[in-house]
Amino acid sequence: MSAPNTQQIKDFLVEKIVKNYSGFFDKGTADLLAQIKREKISHPVVYIGMGTCGLIAGSDKTFRAAEKYFEENKVDAELVKVGCLGLCSAEPLMDVQLPGKTRISFQHVTEEKVEDLLNAVFHHTVMSENAIGQYRFHSHEEWPGLGYIEQLPFFALQRRNVLRNTGNISPFNINDYLANGGYRSLFKTVLNYTAEKVCEIIDQSELRGRGGGGYPTGKKWSVALNTGSDQKYLICNADESDPGAFMDRTLLEGDPHRVIEGIAIAAYAIGANKAYIYLRSEYKQSLSILQNALQQAKEYGFLGENIFGSGVNLNILIHQGAGAFICGEETALIASLEGGRGIPHEKPPYPAEKGLFGHPTIVNNVETLANIPAILENGPLWFKSIGKKGSTGTKVFSLTGKGVNSGTIEIPMGIKISDIVNSIAGGVKDGKKLKAVQLGGPSGVCIPLKDMETEIGFDSLQVIGASLGLGGLIILDEDTCMVNLCRYFMEFLQKESCGKCIPCREGTKRMLEILDSTIRRPKEEGSHDTLERFKGVVQLETLAEVIRDTSLCGLGQNAPNPVLSSLKWFREEYEEHIFDRKCQAGVCHDLRTYFIDPELCTGCNVCQKKCPENAIIGSVKMPHFIIESKCTGCGICFDSCKFSAIYFK
Amino acid sequence: MQFDIEINKEHVTAKKGETIKNVLDRIGIKVPTLCYMNGFSPTGNCRMCVVEVDGIPGLVPSCSHPVEEWMKIRTHSPRVIKARKTLVELLLASHPNDCLYCERNGQCELQALAAELDVRERKYQSKRNSNQIDKACPSIERDTAKCVLCGRCIRICDEIIGVGAIDVIGRGSESRIGTTYNKGLNVRACVKCGQCIQVCPTGALSEKQTFQSVIEVLNNPDLYPVIQFSPTVPASIAEEFNLKTNKDILNLFRAALKKMGFRQIFDTSMAADLTIMEEAAEFTDRFNKHRSLPMFTSCCPSWVKFVEDIRPKFLENLSSARSPQQMMGRLIKQYITSSAGQKSKNVFIVSVMPCTAKKYEAGLDNQKESEVPFVDAVITTRELIKMIRLLGIDFSGLEPEPNDSAFSIRSSAGKLFGISGGHLEGVLRTIGFMMTGQEMNPLKINDLRGLKSRKETRIKIGKHFINVVSVSGLANVKTLLDEIEAGRNDIHLVEVMTCPFGCINGGGQPKGSDEKSLKMRMKTIYDVDEEEIIKVAHKNPIIKDLYEKFLAKPNSDRNKELLHVSRCPVEL
Amino acid sequence: MDQQFINILSEYPAGKKEGLLPILQEIQKERGFLTEDVLADVSLHLNLPINKIYGVAAFYDQFHFHPHGRNHFRICNGTACYLFGSSTFLKELEKQLKVKAGSTSRDGKFSLEIVTCLGSCDQAPVILVNETYYTRVTPGDLNKIIHSLKDKEE
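Residue numbers (our numbering), protein chains in the order written: chain A, 1 to 649; chain B, 1 to 572; chain C, 1 to 154.
In case anyone wonders, no lab produced these hints; they're calculated from the structure. What you are looking at is a predicted structure, and each value in this text was computed from that prediction instead of being measured. Every residue, glycine too, gets a C-beta built ideally from N, C-alpha and C. Some hints here could point you the wrong way.
To be verified - Pairs of lysine-lysine, DSS-like flavour, derived with a Cα cap of 30 Å: (1) B:LYS183 x C:LYS29; (2) A:LYS40 x A:LYS61; (3) B:LYS511 x B:LYS539; (4) C:LYS95 x A:LYS630; (5) A:LYS432 x A:LYS416; (6) A:LYS219 x B:LYS16; (7) B:LYS85 x A:LYS495; (8) C:LYS29 x A:LYS642; (9) C:LYS17 x A:LYS609; (10) B:LYS553 x B:LYS289; (11) A:LYS429 x C:LYS29; (12) A:LYS219 x B:LYS368; (13) A:LYS642 x C:LYS144; (14) C:LYS29 x A:LYS610; (15) C:LYS152 x A:LYS630.
As the list claims (entries may be wrong) - Non-contacting residues of chain C with respect to chain A, defined by C-beta distances greater than 10 Å in every case (computed): (16) GLU30; (17) THR35; (18) LEU44; (19) LEU46; (20) PHE63; (21) LYS98; (22) SER103; (23) ARG106; (24) GLY140; (25) ILE146; (26) ASP151; (27) LYS152.
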């Protein structure tokens, strides 16, 4: 059989696969499909993770090294650029698949390792220090002595629905998505379902928005569908600007067509013929992948005029954000799309009734939309069977911080926080103790150890005062100062407040000032100062209440969360900072008290010369001494000592 | 649709579509606000007006939240009051501590709120904003340290004046109201109208004050200070000092000015008559020649600046006549040097105007003769009020001062210049006479009266129909200019006033003018017109005399040099 | 206005405000930063007061009004980078480069910017110098980076 050309593959995929959603194929179809899916290969295939995380870790160099290897060795091999598998801490990731054998995954494959690694594979051995596992596949010969990827603790508890393709298929080639069932749901939807029916299906699935608010998606769509207007808009909110959250990027870079298909179905459901993807400006890689994907989808007739001959039209435009956290808020996002300052406005009216340019507009988050194709494919009951009551389906998280593993994960709703920490993240790095888990981005909360058994879900988290947020999950170890962390979040929020309403603009700034004074060395040692600082902490609670009560948008309403939660669960740390002027974790430099270890001090005199307060005394070649009352804790001596003789408490 | 809601445990009827604040206003419950502006859609910036609504977790802003059938509202519960108080305390944390020395002391909305909410200590200690006063603009001064970012100035500048000279710059707590590249307010877009001052709740915006230097002049024995006043000023003074606005008010007003030390007092309305003569002649000429129509009036310096800087295409449509203030200045300087034996350099002409842009106008290069300005200092109505108080003038003890100045007679047409539509009415009366040789009948043009931002009518003069438009609120002019640019060619004469409803609501008028006081001021002026015998400029004997002895024919080349300016496009 | 600039403007319909952000983004991509005369031309094209354009531009972190230094440091201050001590690195950079965050040194050699997240939390702390990423940066690494760049500039 001669290899089919591009046009033939396209026709085959569109006619035989996309338009056949029964899932039953004749043998010839199944054979060709297996080839396109790279299940049946005649030459080696190498997959390299080229998401932003991979690129930063140097995967483009790895790619070139692999390319060079095959050229030099005159091996006819296919190199596939894939998105991020989620295990970012293992990047650069490289998978190798030989004909007839299972696909193996290698971690930390920097360019210099490529040659040895590939040589080994071609000699049918694997370098075990780099191999993380193999993919199970029924008809492929297994590599001996190598575990399965899905059994790795990082993957074992995951349930990958929206991340199903991410890291496995090429985000640059629409055929990969089509071969894996892509755009079948869109085809089914526009030809078989009314818009009302789609809203009903989504409503039945009990899918709730993944952008933080958790509003039922189907209900939201119905409002827009039932608001009369000649023009409606769908906006995909990809302005993921939580520091430490990158799951939307993983999705967009790994499986862009899933999001595009979700947008197309959502637009159909509300009657919109124009959609925008509001993309965070920093996401350059996502931008080029999305642009390419949109172009391909248009060429295949999945977007544009008269989709699948149904008479339905849809244009999707990418609008790049310009770096403002607040634009994640839907009304601010709309203001920004209209070309103005990203300032939120009062709701009601809700965008579903009066949004972009005054027309009904639905703003959905990337992950919400990425869930849509599978719900249409498998039905709402299937979706409801995952997760738990009130929180159906899965949730994608960005796992960062002090865990052993970090990356993007997808778990079924309802598993415990401790499972994520202990199994998926593999516990805390360097054998340190877990202190808390921070959930929900900068305006999220720190969950203390006692609540680690809480299940992930909208309502269960609310019980302990937390919320899912966008899905940033940060593991904090014993070296974290909760006051300092809280100050960090407050600094972020006050910088990112749009400045429109008084409580958020002034309130977050005052909170930051109070926290600043808590982590700073007091100007005078008198009790008056301590009292003032203590009063400040008491004021934090009043301020928090008023900011929450009166702020215009979600940013302000949630801004006090880090303060409230840290005050509630880690109050002793605040007291320690104020009364004892100590930071146990040693993070707050100002509160450090420095000492010189006479055993280690050589009397070199460097610290004495550098001390701006003349707080160090001692003669040459004799151990020096720090006068505590004079020391301001600047740490210059600590940095300048070459003999590590200076330590702090 | 009507339904019941519960407010502070009482049943109240509300209509669908109303906001909570609408209902509260109706039933006499006051909620504080710093950003709300009557007639504007609410923005919800200040959160002062929040109320508690059962079933909604946070507090809701009453200015923007619509009433709903089930609502149970508490407007002054302890939780609400605590929130409002905290908001004020937050603002005060960084606000300069100089209320006693502030321009707005006693009239500041923030100060009043702090008192109302019983704020008794500086609860949150923060670094105070340092005063960085923007003095770049000849008319308006800004002190961003006192700004509470309520956004009112931006909205009036955007939506009513339509020039967008200021905006919030930056984000979060770094937000400041400012201009491009944080340069001062002396930007091209700003038309110096001072409407922003009118809406500012604090002392962040004020006119560039010159009254101190006027007081110095009054005390300088070498100088000969005289003053001219705009037709709108006496009514505002009466309002401020609770005087009856009868015929005597002008004489009382003159008496006050005399007491302050002004040697001679002139009513700018007389120069308005002169403006009418020149404009009417200019218009008749253009009308007959079908040239540069429609003709736009040019008495409002903000409007002139707008054309020069923003829509220079329409420069040729502007009347070339100087504004009454400048004509008056020029006339009295010449008159006093020749009659009172004063040297030109010793005559100091002050003008008191309801306007901040007049300060800018008086300083323009084309309003000077050999470097000497026609008007030496312009003060606003507000500044005059300050001076009256500062110099201890007590109206109750004043004897009305008879009108004895040289240019003592004015027609009521000139007086009408203070109201939108009035300038047109005044000038049309003379146009009618000039074109037909007969007085118009009736003189009163009802279509041009009333508090409307745009008034359009067609006047029959002889065998001609003249289409006239009166527009106030500069933003509305933009619409008209767009219409004309799009090809509308039936309009002949347009009167433009930058401030909504004209100079009675000018940027230099006492603050807090509401519709009631505007109507009052308007009535005062129209009453004068009712009672006046000389209702047209061309019958003013002084005007006649001037044209016979001193000036050439209206709109003649000789007068051009004296009473007109050349409108050359400003380099963009 | 040069041709390149005219081309950018012509892609967006005159008088349509929604074109503002993309226009500014494209101009900045070409020019490096936004100048007043550029904003004035955009103002004419979109029929928006220039001050409104500046107001919009100054709202977003992406736009800047002064040129970057030849060596532009972006230090990530995302949560992960914070946990791994990015604030210490920031202080160190400010000290050694003699620039404040958000500004450019007077000689135009260095500029420093704090960014929220560079998207590589697993390799924190991250510093981006021009187009080069430095990951899992240690104080020693930082010194090396600074010295090599300073030497290059000498």
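Results for each hint:
1. B:LYS183 x C:LYS29: With Cα atoms ~25 Å apart, B:LYS183 and C:LYS29 stay inside 30 Å; holds.
2. A:LYS40 x A:LYS61: 28 Å, holds
3. B:LYS511 x B:LYS539: 36 Å, violated
4. C:LYS95 x A:LYS630: 24 Å, holds
5. A:LYS432 x A:LYS416: 21 Å, holds
6. A:LYS219 x B:LYS16: Answer holds: A:LYS219 to B:LYS16 is near 24 Å, not above 30 Å.
7. B:LYS85 x A:LYS495: The given pair, whose Cα atoms are some 24 Å apart, holds under the 30 Å limit.
8. C:LYS29 x A:LYS642: It is violated: about 45 Å lies between the C-alpha atoms, which goes past 30 Å.
9. C:LYS17 x A:LYS609: Violated - the C-alpha atoms of A:LYS609 and C:LYS17 are around 60 Å apart, more than 30 Å.
10. B:LYS553 x B:LYS289: 18 Å, holds
11. A:LYS429 x C:LYS29: 41 Å, violated
12. A:LYS219 x B:LYS368: Status violated; Cα separation ~69 Å.
13. A:LYS642 x C:LYS144: Distance ~17 Å between A:LYS642 and C:LYS144 Cα, so the pair holds.
14. C:LYS29 x A:LYS610: 44 Å, violated
15. C:LYS152 x A:LYS630: With a Cα-Cα distance of about 41 Å, the restraint between C:LYS152 and A:LYS630 is violated, given a limit of 30 Å.
16. GLU30: Check passes; 15 Å lies beyond 10 Å.
17. THR35: 18 Å, holds
18. LEU44: 16 Å, holds
19. LEU46: 8 Å, violated
20. PHE63: 7 Å, violated
21. LYS98: 17 Å, holds
22. SER103: 16 Å, holds
23. ARG106: 25 Å, holds
24. GLY140: Holds: least Cβ distance 12 Å, greater than 10 Å.
25. ILE146: For C:ILE146, whose nearest Cβ neighbour in chain A is about 15 Å away, the distance exceeds 10 Å, so it holds.
26. ASP151: With a cut-off of 10 Å, C:ASP151 remains clear of chain A, as the shortest Cβ separation is near 22 Å.
27. LYS152: Fine: 22 Å to the nearest Cβ keeps C:LYS152 off the interface.
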